[in-house]
Amino acid sequence: MGAKGRKPRLAVWKFASCDGCQLTLLDCEDELLAIAGAVDIAYFPEATRGKIEGHYDISLVEGSITTSHDAARIHEVRRRSTTLVTIGACATTGGIQALRNFADVKEYTSVVYARPDYISTLADSTPIADHVAVDFELRGCPISKYQLMETISAFLAGRRPVTPPHSVCMECKIKGNVCVMVAHGTPCLGPVTHAGCHAVCPSYNRGCYGCYGPMETPNPTSLTHRMKALGMGQKEVQRVYRTFNADAPVFRKESERHDP
Amino acid sequence: MSLWMTRLSQPPGKRHTMVEKVTVTVDALQALLDQLKGRGYRVIGPTVRDQTIVYDEIDSLAELPRGWTDEQEGGHYRLVRREDDALFGFAVGPHSWKKFLHAPIVELWKVVRNGEDVSIVAESPPDQRFAFIGVRACELHAIAIQDRVLLGGQYPDSHYRARREGAFFVAINCGEAGGTCFCQSMNTGPAVESGYDISLTEIVTESGRSFVTEAGSEAGLQVLAALPRRPAMDEEIAQAKAVISRTAAAMGRQMRSDDLRELLERNLDHPRWDDVAKRCLTCGNCTMVCPTCFCTSVEDSSDLAGETASRSRRWDSCFTMDFSYIHGGSVRASARSRYRQWMTHKLAFWVDQFGTSGCVGCGRCITWCPVGIDITEEVRAIRDSGSTEG
Ligand code: SF4
Ligand code: SF4
Ligand code: SF4
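Quick mapping for you: the protein sequence lines, in order, are chains R and E.
With the first sequence counted from 1, adding 573 to any position gets you this note's numbering.
With the second sequence counted from 1, adding 260 to any position gets you this note's numbering.
Derived from the structure by calculation, the hints contain no laboratory data.
Do not rely on the hints blindly, as some may be mistaken.
[What the hints assert, rightly or not] As a list, the in silico DSSO-like pairs of lysine-lysine whose alpha-carbon atoms are at most 27 Å apart:
hint, chain 1, residue 1, chain 2, residue 2
1, R, K718, R, K580
2, E, K538, R, K801
3, E, K370, R, K808
4, E, K370, R, K580
5, R, K808, R, K826
6, R, K679, R, K718
7, R, K808, R, K679
8, R, K624, R, K580
9, E, K281, E, K538
10, R, K748, E, K281
11, E, K538, R, K826
12, E, K501, R, K748
13, R, K679, R, K587
14, R, K679, R, K801
15, R, K718, R, K624
16, R, K679, R, K624
17, R, K718, R, K587
18, E, K281, E, K297
19, E, K370, R, K718
20, R, K801, R, K826
Work the whole structure out from these sequences, hints included.
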C-alpha cells in the first residue's frame, strides 16, 4: 500500500506477449476512471508515455522471458516493485511461445528469418516466477477483466484476492451449464483447468481449451483416458495440452506421454 | 405453522389414504400451469435445452420435453426421441431443484460507506414463490434432507427458508427409471409419498394421455378444485400403480444400503480408495449436481474506491483444496482423502449427523461425473473385497 496521502503507484510491464492482457485493462472501460481514481498509473506504455522512475507499489507483469535482455530487465522490475503480480498465460507458464521449449529454436530461426544471425533469443520461454519472486498470479489467455478488478481492489483494501484455484467445472455448474463432455461427447479440459473465466467456452457449447492452465490438483491422465474413449487420438491429445500453457509442468508431462 | 414444518412432521405415506384420486387430461395440466401463474407463482419445470432436460421457467405445456427421453450411463447423457408422446417419459437431468431453493450464489449483505459512517444493507428476500412441476420422489426426499440440514438446527438458514417457504410442489410418479437411478435401493422412490401439494401419475387412456392426480396439502386441494377433473376409475388407479411397479423393477443401478454405515466405517483403509483416486479428477461435479450436497463458501469483495464491500456465498465442494484449508494447509490434500470424505459422509456419517442417508439414489453423480465414477460400483468393490469385521 502507498503511504498515507498519496495514491499507490501502479506500473504495467510487458515482456514476450501479444499485449492481450494489457488490453484487458484498457477494456475495463467502465472501471477505468475508478482505477485512475484509486491508483496512480505511473508506467503503462500501452496507454500512456510515462518514464521508468522510482518505486512502484504494484507492478502488473505481462509476458514471458525469452531473451537475455528481458531476463536482466525483470530483476530491475522486481527491484522497483513492492508487489509484483504476473498476468496471463505467458507470464505465469511461458505462454504459447513456450512451444519452442519442445523444439530446437535455432532450427526455427533458420527457417523463419532471412538473417537468423540477427536474432538473439533464449532457447526457452519461461514464466516470470522462474526468474524472480512473484507475489500473485492471474491466469488466463487473456486474463479476466473481473479477476483483474478483483485483484487491484483486493490489493487496495489489503485483503486476499478471490481467485479460486479449483476446476472450471465448478464455475460451469454454478452457472447452470450443461456439461458438454457428458451430454454431447465434446472433449473438455475443464476438469483439469484453473477456474476464472466463468466457464466461457462450455457456456457456448464448446470444450474448455485450458487457457487458465492447470487447476490446483489436476489429474490429466484420467481425463485423457476419457477423451480417448470419446474418440481422440494420440496426436489430438498432445495438441490439446500443448497450447497456451504448454510448458506448465502437468500439461507438459501429459503431452509428452502422447508423442504420436 | 409454515408449510415446510407441516411437511416435515408428516409420517411418509400415512396422510393420503383418505384423499380422493381424480383423473385430469393433458389440457387440465395447462390449466394447472395457468392456475399457478394466476396465484403468483413462478412456474419452473423440465424443458429441453442444450440437448438435455433442464429445469427452467415454463409458460406452457408445449415447453415440456414431450416425446423425449434420456439415455444415461456413467459420464454419459443423451437426449433420445421416444416412440410415444409421453410428457414425463424421462428421468432426472443435470439440474436439481437445489438450483432454486439453495441458490448457487447468494449475496448475503453489503456495507456502504457514507463519509465517516457505514451502513449495512441486508439482502432482500426473493419476492416470488416457486411452483415446481414434475418433482420426483427422490427429489422430494432430497429437499426433505436439505430442510433438515438447513432449517432443522439451532440456526436455520434464512436464505433457504425464504425460497423454500410457500413453494408449491407438483410431483410426478416416475414412469421411466433412468440408467443410473437407484432410488429403490435407497427407499426414496419411485413412488412419491409425501412432501407434495399435487401428485401426478401419467397413464394412457382411451382419450389419450391422462394423469391420476392427488392433492397432498390444503394448497394442493384448492388448486386441484379449480381444474377440470373427474373421479379416477378403478382401472386407472390400477394402471397408475402398475406404472410405479414397472419403474421400480427397471432401476438402472442397485446398491444394498442397509449396512453402509458399518461397511464403510470398517473399510476406511481399503485399497479401493487409492484406485478411485487414480480416476477422480477432483473436479467437484458430483457435489454440484447432487441434490443434497449443501456446502457453501463465503467470499468477500470490495470496490476500487473502497466505498462498498459485499459478502456473498456460493456452492462449494469437499473436492476443492480450499474447502479443508486451515492453518498449515489443506487437511484433505489427496484425491483419495477427498473422495473418501465425500462418499463416507454421504452414505455413512450423514446418518449420525442428520438421521438419514445423504444419498437419495438419483444417480446424478454417476451420470455427470466426467469420467463416470459410479458410487454404487465403488461401494460394491469395497463390499466384495472389504473387511467384514470392525
Ligand atoms: S463442460 Fe467442461 S468445464 Fe463444464 S462441467 Fe463439463 S467437463 Fe467441466
Ligand atoms: S450421492 Fe449421487 S445418487 Fe446420491 S443423491 Fe447425491 S447425486 Fe444422487
Ligand atoms: S467423482 Fe467424478 S465428478 Fe466427483 S470429483 Fe471425482 S471426477 Fe469429479
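Take a quick look at whether R/K679 and R/K624 sit within 27 Å of each other, Cα to Cα.
Answer violated: R/K679 to R/K624 is near 35 Å, above 27 Å.
Regarding the pair R/K718 and R/K587, is the alpha-carbon distance no greater than 27 Å?
holds, 17 Å
Between the alpha carbons of E/K281 and E/K297, is the straight-line distance 27 Å or under?
holds, 24 Å
Does R/K801 lie within 27 Å of E/K538 when you go C-alpha to C-alpha?
Distance ~16 Å between E/K538 and R/K801 Cα, so the pair holds.
Take the C-alpha atoms of R/K679 and R/K587, compute the straight-line distance between them, and say whether it is at most 27 Å.
Within the cut-off at roughly 24 Å; holds.
Does R/K808 lie within 27 Å of E/K370 when you go C-alpha to C-alpha?
violated, 50 Å
For R/K624 and R/K580, compute the direct alpha-carbon distance and say whether it is at most 27 Å.
holds, 18 Å
Are R/K748 and E/K281 close enough, with their CA atoms no more than 27 Å apart?
violated, 40 Å
So if I understand the rule, the pair passes when the alpha-carbon distance is 27 Å or less; does R/K808 with R/K826 pass?
holds, 14 Å
Starting from R/K679, check that the Cα of R/K801 is at most 27 Å away, please.
This hinted pair is violated, its Cα atoms lying about 34 Å apart.
Checking one constraint from the list: CA of R/K679 to CA of R/K718, max 27 Å. Satisfied?
With Cα atoms ~37 Å apart, R/K679 and R/K718 exceed 27 Å; violated.
So if I understand the rule, the pair passes when the alpha-carbon distance is 27 Å or less; does E/K370 with R/K580 pass?
Answer holds: E/K370 to R/K580 is near 25 Å, not above 27 Å.
Consistency note: the structure conflicts with the earlier hints numbered 3, 6, 9, 10, 12, 14 and 16.
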